[in-house]
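Just need the whole structure built from these sequences, with the hints factored in.
2 protein chains.
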Amino acid sequence: MTTLQQMGQRAKKAAQILSCASTKEKNQALLTIADYLVREKEAVLSANRQDVALSQQNGVSPAMVDRLRLTEARIDAIADAVREVVALPDPVGVVLGGSTRPNGLSITKISVPMGVVGMIFEARPNVAVDAAVLCLKSSNACILRGGKEAIHSCTALTNVMRQALEMVGLPCDCIQLVEDTSRASAVEMMKLNDYLDLLVPRGGAGLIRSVVENATVPVIETGTGNCHVYVDASAPLEMAVKIVDNAKTSRPSVCNAIENVLVHREIAPIFLPAMKKALDAHHVQLRGCPETIAILGDSVVPACDADYNTEFLDYILAVKVVGSLEEAIDHINAHGTHHSECIVTSNYQNSEKFTALVDAAAVYVNASTRFTDGGEFGLGAEIGISTQKLHARGPMGLSHLTTYKYILRGNGQIR
Amino acid sequence: MTTLQQMGQRAKKAAQILSCASTKEKNQALLTIADYLVREKEAVLSANRQDVALSQQNGVSPAMVDRLRLTEARIDAIADAVREVVALPDPVGVVLGGSTRPNGLSITKISVPMGVVGMIFEARPNVAVDAAVLCLKSSNACILRGGKEAIHSCTALTNVMRQALEMVGLPCDCIQLVEDTSRASAVEMMKLNDYLDLLVPRGGAGLIRSVVENATVPVIETGTGNCHVYVDASAPLEMAVKIVDNAKTSRPSVCNAIENVLVHREIAPIFLPAMKKALDAHHVQLRGCPETIAILGDSVVPACDADYNTEFLDYILAVKVVGSLEEAIDHINAHGTHHSECIVTSNYQNSEKFTALVDAAAVYVNASTRFTDGGEFGLGAEIGISTQKLHARGPMGLSHLTTYKYILRGNGQIR
Numbered sequence: 001m002t003t004l005q006q007m008g009q010r011a012k013k014a015a016q017i018l019s020c021a022s023t024k025e026k027n028q029a030l031l032t033i034a035d036y037l038v039r040e041k042e043a044v045l046s047a048n049r050q051d052v053a054l055s056q057q058n059g060v061s062p063a064m065v066d067r068l069r070l071t072e073a074r075i076d077a078i079a080d081a082v083r084e085v086v087a088l089p090d091p092v093g094v095v096l097g098g099s100t101r102p103n104g105l106s107i108t109k110i111s112v113p114m115g116v117v118g119m120i121f122e123a124r125p126n127v128a129v130d131a132a133v134l135c136l137k138s139s140n141a142c143i144l145r146g147g148k149e150a151i152h153s154c155t156a157l158t159n160v161m162r163q164a165l166e167m168v169g170l171p172c173d174c175i176q177l178v179e180d181t182s183r184a185s186a187v188e189m190m191k192l193n194d195y196l197d198l199l200v201p202r203g204g205a206g207l208i209r210s211v212v213e214n215a216t217v218p219v220i221e222t223g224t225g226n227c228h229v230y231v232d233a234s235a236p237l238e239m240a241v242k243i244v245d246n247a248k249t250s251r252p253s254v255c256n257a258i259e260n261v262l263v264h265r266e267i268a269p270i271f272l273p274a275m276k277k278a279l280d281a282h283h284v285q286l287r288g289c290p291e292t293i294a295i296l297g298d299s300v301v302p303a304c305d306a307d308y309n310t311e312f313l314d315y316i317l318a319v320k321v322v323g324s325l326e327e328a329i330d331h332i333n334a335h336g337t338h339h340s341e342c343i344v345t346s347n348y349q350n351s352e353k354f355t356a357l358v359d360a361a362a363v364y365v366n367a368s369t370r371f372t373d374g375g376e377f378g379l380g381a382e383i384g385i386s387t388q389k390l391h392a393r394g395p396m397g398l399s400h401l402t403t404y405k406y407i408l409r410g411n412g413q414i415r
Numbered sequence: 001m002t003t004l005q006q007m008g009q010r011a012k013k014a015a016q017i018l019s020c021a022s023t024k025e026k027n028q029a030l031l032t033i034a035d036y037l038v039r040e041k042e043a044v045l046s047a048n049r050q051d052v053a054l055s056q057q058n059g060v061s062p063a064m065v066d067r068l069r070l071t072e073a074r075i076d077a078i079a080d081a082v083r084e085v086v087a088l089p090d091p092v093g094v095v096l097g098g099s100t101r102p103n104g105l106s107i108t109k110i111s112v113p114m115g116v117v118g119m120i121f122e123a124r125p126n127v128a129v130d131a132a133v134l135c136l137k138s139s140n141a142c143i144l145r146g147g148k149e150a151i152h153s154c155t156a157l158t159n160v161m162r163q164a165l166e167m168v169g170l171p172c173d174c175i176q177l178v179e180d181t182s183r184a185s186a187v188e189m190m191k192l193n194d195y196l197d198l199l200v201p202r203g204g205a206g207l208i209r210s211v212v213e214n215a216t217v218p219v220i221e222t223g224t225g226n227c228h229v230y231v232d233a234s235a236p237l238e239m240a241v242k243i244v245d246n247a248k249t250s251r252p253s254v255c256n257a258i259e260n261v262l263v264h265r266e267i268a269p270i271f272l273p274a275m276k277k278a279l280d281a282h283h284v285q286l287r288g289c290p291e292t293i294a295i296l297g298d299s300v301v302p303a304c305d306a307d308y309n310t311e312f313l314d315y316i317l318a319v320k321v322v323g324s325l326e327e328a329i330d331h332i333n334a335h336g337t338h339h340s341e342c343i344v345t346s347n348y349q350n351s352e353k354f355t356a357l358v359d360a361a362a363v364y365v366n367a368s369t370r371f372t373d374g375g376e377f378g379l380g381a382e383i384g385i386s387t388q389k390l391h392a393r394g395p396m397g398l399s400h401l402t403t404y405k406y407i408l409r410g411n412g413q414i415r
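If you're matching them up, the sequences are chains A and B in order. First residue of the first sequence: 1, per the working numbering; consecutive thereafter. First residue of the second sequence: 1, per the working numbering; consecutive thereafter.
Hints listed in this document are in silico derivations from the structure and should not be mistaken for laboratory results. Note that the structure is a prediction, hence the values are computed from the model and not measured.
No copy labels: a pair is met if it fits in one copy or bridges any two.
Calculated lysine-lysine pairs in the BS3-like style (CA-CA distance at most 30 angstroms, straight line):
#1 Lys12 - Lys353
#2 Lys13 - Lys353
#3 Lys242 - Lys109
What follows is the structure in structure tokens.
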């Protein structure tokens with residue numbers, strides 16, 4: 001088996017060649033990848049059937065098996081997504097600024113690739129292609145490490161992409177897959193400082209925590225969303241119910257879905273019953289504070305402390321009655337993951353205070369948190385939603401896979 | 001003694017208040033800090049005399065004692081530097097972009113403070129003020145941790161700044177100093193994830209290495225510069241000598257000074273003697289490869305592998321003869337710290353290849369590396385020179401102490 005060190009060395013070399021590839025060459029590679037994915041559909045589906053069968057034998061949950069499963073239609077959709085990346089502007093080589101200094105020294109600030117990007121993800125084979133093609137478009141070599149449940153699928157997909165690279169004359173080591181899916185290999189990858197310029201983990205809270213604790217390479221944390229809607233005393237009742245319902249139930253398994261509702265004491269007696277009625281239609285389990293239970297009755301599960309810190313990703317909602325806007329803001333800043341937070345209000349001052357003081361990538365007034373998404377923001381394809389403050393915050397687009405350098409051209413200037 | 005946890009809590013609270021302060025209030029605080037520094041000069045000098053005396057007793061090197069020592073003139077210069085920060089544009093609240101989506105949702109991308117910034121630095125008391133006022137101007141609370149040699153000076157300076165904050169009605173906990181200068185407190189600070197939004201280490205390679213190994217908080221690495229000049233076969237001889245001489249000897253103790261010269265085999269026999277003559281005037285010790293010694297004779301110390309990886313910060317220069325541009329680029333990418341790298345050449349293609357393939361914050365053609373500096377780049381006051389690729393690369397200005405958030409204003413939009 002190839003060691004991570006060897007993969008790192010190969011990736012560095014490939015990245016240097018890729019950094020000089022033109023937009024046209026990269027787009028040609030992307031189109032070839034899309035074509036080959038369609039052409040090699042049967043090989044990919046056969047590998048995927050192995051993964052699905054093994055997962056079912058191992059008692060993996062049906063929801064997870066569904067995320068793992070590929071179909072002809074899903075492979076076509078993956079290939080279409082690759083073709084869409086062709087249309088995106090090349091993020092590399094953009095002149096971001098510059099000047100000519102009084103001594104005649106010319107300074108150009110220009111966007112350049114990161115170099116080698118590592119991606120650790122879980123059992124979703126489509127992420128292997130998504131991640132690889134976004135890295136390719138931004139001239140980064142990538143080292144992919146998917147979950148063990150998807151290893152046959154990821155191997156098949158990676159082989160197809162590498163064949164396509166070879167076909168167009170780019171180094172196949174621009175895209176590599178870690179075969180060893182042990183925890184040890186993930187931790188080794190987090191410490192591969194000599195070769196990895198950036199590591200992007202995509203997965204649940206456990207993966208992100210492990211990366212924060214272990215990584216010595218630069219990291220962009222993504223995707224943990226413990227999001228809230230705060231229903232202010234002055235909230236329009238119907239709008240508040242609609243937003244909570246949408247943010248919770250339109251797709252509970254994604255990071256921009258909410259896990260908590262905070263409601264002002266004044267409006268709680270009329271809002272909570274209306275909210276419960278809407279959520280009951282989706283069989284949402286409510287976990288409430290004592291005041292919530294006093295209003296809604298014993299069908300509400302008493303919430304424990306952990307409930308306010310948990311990303312359920314399920315039809316479960318924690319509910320808490322608060323006495324003020326300030327209490328809501330403090331609760332969100334203490335328990336949230338700095339992803340997406342919403343206030344529903346008719347009060348201008350409260351909307352301004354909430355947006356100023358809530359510490360999150362996306363702060364909403366009177367709209368569902370479900371809009372936090374590269375496509376919905378109009379940013380194009382997205383690598384993930386960053387919940388950190390350094391480099392990228394919120395939806396990460398292609399440009400966030402680049403850094404910049406200063407090029408200084410002179411004629412003998414000394415200081 | 002206040003624990004780091006307590007300091008973190010206080011800083012978070014102070015940061016929230018500071019995040020709402022107007023530019024005018026922050027500038028008033030800066031001016032008051034400058035005035036108080038001048039007014040309390042004697043208290044600061046007296047504390048500094050303690051540090052200097054202790055350092056001399058402990059056999060600290062004269063160069064280091066000089067960096068530690070404050071004088072009336074130096075305090076005036078520090079106060080003047082604070083006043084200069086008043087004139088810089090406020091980096092907070094800048095609208096960086098936005099749009100109105102087809103559904104009417106309005107998106108505003110706006111710059112916001114990081115929150116709480118930690119600074120670990122060594123025995124230079126002026127850094128305490130520099131760092132604190134740049135954090136203040138960018139609405140960040142800061143937690144400072146200076147080297148033990150400077151603890152009395154840093155305590156005195158911090159007290160003066162805190163008095164000034166109190167005077168203008170801002171929380172004094174916007175600026176806090178860690179009293180415990182043990183290694184353990186530094187490591188604890190590197191793991192203060194609940195409170196630190198960013199940690200900026202300013203110091204030597206040992207400090208930076210410790211931060212990379214230990215930090216779980218977001219970090220911007222600064223200031224390790226193992227920089228090179230590559231003298232190409234076609235280099236104008238006189239210009240090459242002038243640039244090497246300037247980059248090595250104008251200020252050897254700073255990170256943008258060079259530590260290495262690579263010279264093409266074709267020009268080595270005429271370039272190396274001319275370079276040696278210029279550097280001999282500054283008593284620069286040369287450490288060379290066998291070919292260098294064959295040309296320059298036995299006064300050159302044989303270079304060992306470590307010499308090519310060392311930031312000497314002294315009148316020492318490692319020299320290596322190379323056979324090609326490609327060998328030079330590979331050597332720089334393998335041994336450099338991605339700070340500042342220079343080619344001296346008359347060949348257009350070689351200049352383009354060097355700037356494209358050398359992986360560094362600042363890549364020079366025919367100019368001294370000594371220009372890598374916020375002021376020289378026209379960026380204003382500088383927090384440090386970042387040698388990483390994430391968030392900030394090269395000279396870090398005020399704007400790099402901010403992040404951004406998206407504010408989304410709607411009227412009931414759901415997805």
